[in-house]
Amino acid sequence: MTTRPSRTAMAPRRRARPALWASLAAAPLMLAACNAPDYTPVRDWAATASLAVDEPRMAGGSVAPPPGTGLPASRPAEDGILAMQEALATYLQALATLASDGVLPYRESPFVQLATRAEAASTPGAQAITALGLLLRRATHYNARAPEMRDNIRAADPQVQALVAALREAVARQEAGEAAARREAAAFYAEVEANGRDAAAQQALREWARERDAAFAAEAARRLGYGQVLARVAEGHALLKARASRMTRLDVVQEVRAAEAELRRAAQPLRTGSAG
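If you use mature numbering (1 follows the signal peptide of the UniProt record, and there is no 0), the sequence shown corresponds to residues -32 to -1, 1 to 244, in order.
It is worth saying that the hints were derived from the structure and are not from the lab.
Check before you lean on any hint, since a few could be wrong.
[Unchecked claim] Pairwise CB distance ranges, derived in the manner of DEER restraints: (1) 218 to 69: 16 to 22 Å; (2) 23 to 181: 22 to 28 Å; (3) 175 to 119: 55 to 61 Å; (4) 192 to 148: 35 to 41 Å; (5) 226 to 152: 40 to 46 Å; (6) 141 to 70: 35 to 41 Å; (7) 84 to 126: 19 to 25 Å.
Keep in mind the model is a prediction, meaning the values are calculated, not measured.
The C-beta atom is built at its ideal place from N, Cα and C for all residues, glycine as well.
Could you put the whole structure together from the sequences, leaning on the hints where they help?
In structure tokens:
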């Protein structure tokens, strides 16, 4: 006669069954998580670009003249340039947020005031800022996340290229103003030295002249370096647009990583103060 197992012996097997079904149900989710697109290279590039654009505040640069010389103090950079820097850095940080599958906070355009300020430096730059602000607002309203980042990059790239071009042009225009101020300072120092009789005062003026000339040269080098950073940002964003449909492929990941490395190299001298 066959002996039937007791209910007590069967109980553990029945209790283990729900855990088994739970693990089987979770398996597809775990596989999906393992296969989820990884936009980390895009996030890293965008975060690096945001810092590189924003860190060197393109304002002033030359040292003040000696007290009592009658020369104008160093002129502040156009506020419009700072506005364009801030707008570009904010957009790039928003791109990094999307690449991290984060949610943007821009229920209204964050660039209304920045566009007004940028108008003084560049009308095309102000127009690009306005368009980028509307794109960020739209991405927020539609709750855009990482999968929608591709379309946002495609839509934003013309405005990013226009803003970078406007910012580079505005920064380069500072060169003309700096050159005129440099000539005025050199003429002033030469005249004072030619007519002066106080040896100590003349020596002090010569030292001021050397310091001011070095500051002009450093500022010119800083502008050149910043222009190179902006060029790398424009190239990198264009790369993301061109590769948007295959952004997570290994070859594209390598390209984006290489673009980030180039951007870091371009920005390093500006961070350490050794530009030029």
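Right, here's what the structure says about each hint:
| no. | hint | in the structure |
| --- | --- | --- |
| 1 | 218 to 69: 16 to 22 Å | holds, 21 Å |
| 2 | 23 to 181: 22 to 28 Å | holds, 26 Å |
| 3 | 175 to 119: 55 to 61 Å | holds, 58 Å |
| 4 | 192 to 148: 35 to 41 Å | violated, 18 Å |
| 5 | 226 to 152: 40 to 46 Å | holds, 45 Å |
| 6 | 141 to 70: 35 to 41 Å | holds, 36 Å |
| 7 | 84 to 126: 19 to 25 Å | holds, 21 Å |
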